[in-house]
Amino acid sequence: MKQITGGVTAAKGFEAAGVEAAVKYQNRKDMALVYSTVPCRVAGTFTSNVVKAAPVLWDRNIVDHSPYAQAVVVNSGVANACTGKQGMDCCKAEAECLGSLLEIPESAVLVASTGVIGAQLPIDRIKAGIEKLAAAKKDTPEAGTNAAKAIMTTDTVHKEIAVQFQVGGVTAVMGAMCKGSGMIHPNMCTMLGFITTDVNISKEMLQKALSADVVDTFNMISVDGDTSTNDTLLVLANGLAGNEEITEEGPDYEAFCEALHFITTYLARKMAGDGEGATCLFEAKVVGAASKEEARILAKSVICSSLSKAAIFGHDANFGRFLCALGYSGAKFDPENVDLYFKSRSGEIHIFSRGAACDYSEEEATKILSDPEVTVLADMHMGEAEAVAWGCDLSYDYVKINADYRS
550 MKQITGGVTA AKGFEAAGVE AAVKYQNRKD MALVYSTVPC RVAGTFTSNV
600 VKAAPVLWDR NIVDHSPYAQ AVVVNSGVAN ACTGKQGMDC CKAEAECLGS
650 LLEIPESAVL VASTGVIGAQ LPIDRIKAGI EKLAAAKKDT PEAGTNAAKA
700 IMTTDTVHKE IAVQFQVGGV TAVMGAMCKG SGMIHPNMCT MLGFITTDVN
750 ISKEMLQKAL SADVVDTFNM ISVDGDTSTN DTLLVLANGL AGNEEITEEG
800 PDYEAFCEAL HFITTYLARK MAGDGEGATC LFEAKVVGAA SKEEARILAK
850 SVICSSLSKA AIFGHDANFG RFLCALGYSG AKFDPENVDL YFKSRSGEIH
900 IFSRGAACDY SEEEATKILS DPEVTVLADM HMGEAEAVAW GCDLSYDYVK
950 INADYRS
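Residue 907 in this note's numbering sits at position 358 of the sequence shown, and the numbers go up by one each step.
These are computed hints drawn from the structure, not numbers from a lab. If you're wondering where the values come from, they're calculated on a predicted model, not measured in any experiment. Take the hints with a grain of salt, since some may be wrong.
Computed list of lysine-lysine pairs in DSS-like fashion (alpha-carbon distance at most 30 Å, straight line) [stated by the list, open to error]:
#1 Lys687 - Lys676
#2 Lys881 - Lys892
#3 Lys687 - Lys752
Required output: the full structure, derived from the provided sequences and hints.
Pasting the structure below:
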């Protein structure tokens, strides 16, 4: 497997576009299209929030009941959440409009939205944007990048990736894009993510792979502890690579899962590091835990702690905050048996050992914590299980961004 240039258009048969539709923003791309020239198997994971946006309800129905999917239309600026029947009518209108232009059934059109909750979509502008998208779609890397930029809200950078790998004796490709910067605390999903692949895989195995993968990737990130109403992650597989269909576990399924995991880990880290107001990617790695589940709980507790995030922002080697977060996680362990380390490209320092602070240099610790990517490593000395979680520091700008998000 190797990383290649591109995103959602890298795999055979996929086209994309990003255009300006003035849904909320001015003078920037704010609508995106992902399209396959042939029908796709589709899998998805969605928000666990009881308050679900209209596009989530629309897409869940298609993933669960439609025989195939072939296109995704996305807008940024307005979330189409808490919009009642009118919101669902907008989803239907989008699917009908795009389906008519691309000559595919509305049941093959997925929709996604991100932005302000409670506002109704300006459906006339949305339809005009869909017409632009249908006319602009191409299979070029630039088209994929345009789509990735169009789904951004408070993101500071667009997020895309593609990999090439072998499956069933043929070369296959998987590409992806996502957005997410705030309101990030997923459960079985991310903010918005779209993965395309030319692998021939059954719907059942595609969903199995996705559902298993997000547990250790997108479910292990947090920016602010808020689970969005719109969280959606979709995978489209059109089979154009020409491999024999993957219908069961085995070497081909493992190769597919490896590529998927590489893609989702990359994007999860990108989202965590681009958290609203963030200056640092904050990674927590727990090793020596009693079980995989406890390792996940411990790691997630550290990156979700506001005090830990503030300490990372201040480059403060206040190890008590990280130990405190481990302690209230709910996992059982002996605090007299824990080792704590700080790591970054500047080095590694042993900060706490078996119940007491180590003899360390504050200057060295501050230098390590000042890098753009910082890891807090906790060795629990209880077993062989480990897990990694990703977050970001908590800066002044996070409050500034969210205090006036609607304006």
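Results for each hint:
no.	hint	result
1	Lys687 - Lys676	holds (19 Å)
2	Lys881 - Lys892	holds (25 Å)
3	Lys687 - Lys752	holds (26 Å)
Hint compliance for this structure: no hint is broken.
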